[in-house]
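**Student:** Can you make the complete structure from the sequences, with help from the hints?
Listed here are the chains, written in short residue letters.
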Amino acid sequence: MKTIPRFLAMLTLASVSLAATAQQITVSAAASLTQAFRDIAMRFEASRPGVTVRLNFAASGVLLQQIANGAPADVFASADQDTMDRGVSQQLFDPATRRDFAANTLVVVAPAGGPQGLARTADLAAPAVRRIALGKPATVPAGRYARQVLERESLWAQVEPRLVYADSVRQVLDYVARGEVEAGFVYRTDALLMPDKVDIRFTATGHEPVTYPLAVVATSRQAALAKDFAAFVLGAEAQAVLARNGFARP
Amino acid sequence: MPPLLADFDAAPLALTLRVATVATGAALLLGVALGWVFARTRLPGRSVLEALCMLPLVLPPTVIGYALLVLMGRRGPVGAWLREHFDYSVIFHWHGAAIASALVALPLVLKAASTAFSQVDRDLEAAARTLQQSEWGVFLRVTLPLAWPGILAGTLLAFARAMGEFGASLMVAGSIPGQTQTASMAIYDAVQAGRDDVALLLALAVSALSVAILVASNRLLSRR
Chain A
99 MKTIPRFLAM LTLASVSLAA TAQQITVSAA ASLTQAFRDI AMRFEASRPG
149 VTVRLNFAAS GVLLQQIANG APADVFASAD QDTMDRGVSQ QLFDPATRRD
199 FAANTLVVVA PAGGPQGLAR TADLAAPAVR RIALGKPATV PAGRYARQVL
249 ERESLWAQVE PRLVYADSVR QVLDYVARGE VEAGFVYRTD ALLMPDKVDI
299 RFTATGHEPV TYPLAVVATS RQAALAKDFA AFVLGAEAQA VLARNGFARP
Chain B
54 MPPLLADFDA APLALTLRVA TVATGAALLL GVALGWVFAR TRLPGRSVLE
104 ALCMLPLVLP PTVIGYALLV LMGRRGPVGA WLREHFDYSV IFHWHGAAIA
154 SALVALPLVL KAASTAFSQV DRDLEAAART LQQSEWGVFL RVTLPLAWPG
204 ILAGTLLAFA RAMGEFGASL MVAGSIPGQT QTASMAIYDA VQAGRDDVAL
254 LLALAVSALS VAILVASNRL LSRR
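Residue numbers (our numbering), protein chains in the order written: chain A, 99 to 348; chain B, 54 to 277.
Some hints could be false.
SDA-like, lysine to any residue: derived pairs with alpha carbons at most 20 Å apart [said to hold, decoys possible]:
| id | chain 1 | residue 1 | chain 2 | residue 2 |
| --- | --- | --- | --- | --- |
| 1 | A | K295 | A | G211 |
| 2 | A | K325 | A | P193 |
| 3 | A | K295 | A | A217 |
| 4 | A | K295 | A | D198 |
| 5 | A | K295 | A | R228 |
| 6 | A | K325 | A | E143 |
| 7 | A | K295 | A | T132 |
| 8 | A | K295 | B | L112 |
| 9 | A | K295 | A | D272 |
| 10 | A | K295 | B | R99 |
| 11 | A | K325 | A | A194 |
| 12 | A | K295 | B | R127 |
| 13 | A | K295 | B | R128 |
| 14 | A | K295 | B | R272 |
| 15 | A | K295 | B | P130 |
| 16 | A | K325 | A | D198 |
| 17 | A | K295 | B | Y119 |
Just so you know, the hints here were simulated from the structure itself, not pulled from any lab data.
**Tutor:** Here it is, written out as structure tokens:
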């Protein structure tokens, strides 16, 4: 029965060498980019036969932590400059590859068909608004922007006991869609995903501009392919996908 | 005093103890009652009911959390009723975390109580009855005292389990600092935010407490 172990050894060697030559990159992108990046990755794979793009979506801060702890990502796309800055200062990214590729708008949403009367930031302090959902400011850019909005109106201390912190902007959307909170801070692009469950009440103001930077991870083993993907995201086809999903130019 | 200890937020630990105590209390009452029923009676459908009660022990916490959300959420049958009649919701409230923790603690108390009751010598109970004791008297003065060490050991385990509840309580109660953020959630948040120092301190505190509880539980079990 010596043939079986020999055959298995050959199979293992073959698959190892296949894995080494197979072109695959891992893209860690902010949760709000889920639909857009799935589309972009598909188009990238279609235009480059033999290439696979693995996507990993979570809050930008969480993704940064993963990369800082050695997660094998090749490209990082963040929903704010602050997270990217932190990554650059920790020398996690190749600074020469950092580019802004999209912009977004922060909006306040409420469960569909709910009572009206939420027209501006100050209305969030009304007693009828029992719970407000936003991302955890430490790890979710949308939460940080929301905090800026509330602090700009000097409302933070007042509404803080009513805040519910979510792990990502998509979880905020879920809380609002379920009707568990009266209001939530999400991006316009997220709100557009559930028009039947959430209503956009107003556009938030008073926060820094929402721009999305991307960069290639310094320890990437597929730096060339990663740069290729980054260039693709900045190209016309991917920008059209982003525009269709509601993103603006940076 | 080192800066970490000086501004260490003990609220998660206090909240964990509060949630675990309430959850274990509820699990104890229900577990002892059900344990006695399963050990002493021959109810029809008993095995199905027993399996249902043990289910939280093996179900993924996300399944339990999702089930609670569907039931107790604003649009759920129980949640909508509570909100309409009492303007009360367990979602994003520490009561929700307590319910989730009680659900996972119940099987541990139930198993221990059921085993302990079935090991009580029925002759002793019969003797008590001949001495004119009512059924309640038999239970309180003979059965329960004899079964108590086993029940307590199970309750301590249940308390440790309730302290460690994470997935289901996070889905139902959220992680609101000062209101629903238990120690497990605080560790999770600290790790996500890169605060390894806070995470380590909390993890050590919770581990030390859990070890103490397990040691006490083992002592009780070996004493029988």
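**Student:** Could you run down the list of hints and mark each one as holding or not?
**Tutor:** Status of each hint after checking the structure:
1. Simply put, K295 (chain A) and G211 (chain A) have alpha-carbon atoms about 8 Å apart, close enough for the 20 Å limit, and the pair holds.
2. Restraint check for K325 (chain A) and P193 (chain A): the C-alpha separation of about 12 Å stays at or below 20 Å, so the hint holds.
3. Between K295 (chain A) and A217 (chain A) the CA atoms are separated by roughly 18 Å; this keeps the pair inside 20 Å, and the hint holds.
4. Between the alpha carbons of K295 (chain A) and D198 (chain A) the distance comes to roughly 31 Å, so the proposed pair goes past 20 Å and is violated.
5. For the hint pairing K295 (chain A) with R228 (chain A), the CA-to-CA distance comes to about 19 Å; that is within 20 Å, so the pair holds.
6. Between the alpha carbons of K325 (chain A) and E143 (chain A) the distance comes to roughly 14 Å, so the proposed pair stays at or under 20 Å and holds.
7. Of the pairs offered as hints, the one joining K295 (chain A) and T132 (chain A) holds, with about 19 Å between alpha carbons and a cut-off of 20 Å not exceeded.
8. Our distance criterion of 20 Å between C-alpha atoms is broken by K295 (chain A) and L112 (chain B), whose separation comes to about 30 Å.
9. In summary, the hint linking K295 (chain A) to D272 (chain A) is supported, as the alpha carbons are separated by about 9 Å, within the 20 Å threshold.
10. Restraint check for K295 (chain A) and R99 (chain B): not satisfied, since their Cα atoms lie roughly 42 Å apart, outside the 20 Å limit.
11. A distance of roughly 10 Å separates the Cα atoms of K325 (chain A) and A194 (chain A); the hinted pair therefore holds under the 20 Å criterion.
12. This hinted pair checks out: K295 (chain A) and R127 (chain B) have alpha carbons roughly 14 Å apart, not beyond 20 Å.
13. Taking the CA atoms of K295 (chain A) and R128 (chain B), the gap is near 13 Å; set against the 20 Å cutoff, the hint holds.
14. Straight-line distance between C-alpha atoms of K295 (chain A) and R272 (chain B) comes to about 54 Å, which puts the hinted pair past the 20 Å bound.
15. Only pairs whose Cα atoms come within 20 Å are accepted, and K295 (chain A) paired with P130 (chain B) is accepted, the gap being roughly 19 Å.
16. Only pairs whose Cα atoms come within 20 Å are accepted, and K325 (chain A) paired with D198 (chain A) is accepted, the gap being roughly 14 Å.
17. Under the criterion of a C-alpha separation no larger than 20 Å, the hint pairing K295 (chain A) with Y119 (chain B) is consistent with the structure, at around 19 Å.
Consistency note: the structure conflicts with the earlier hints numbered 4, 8, 10 and 14.
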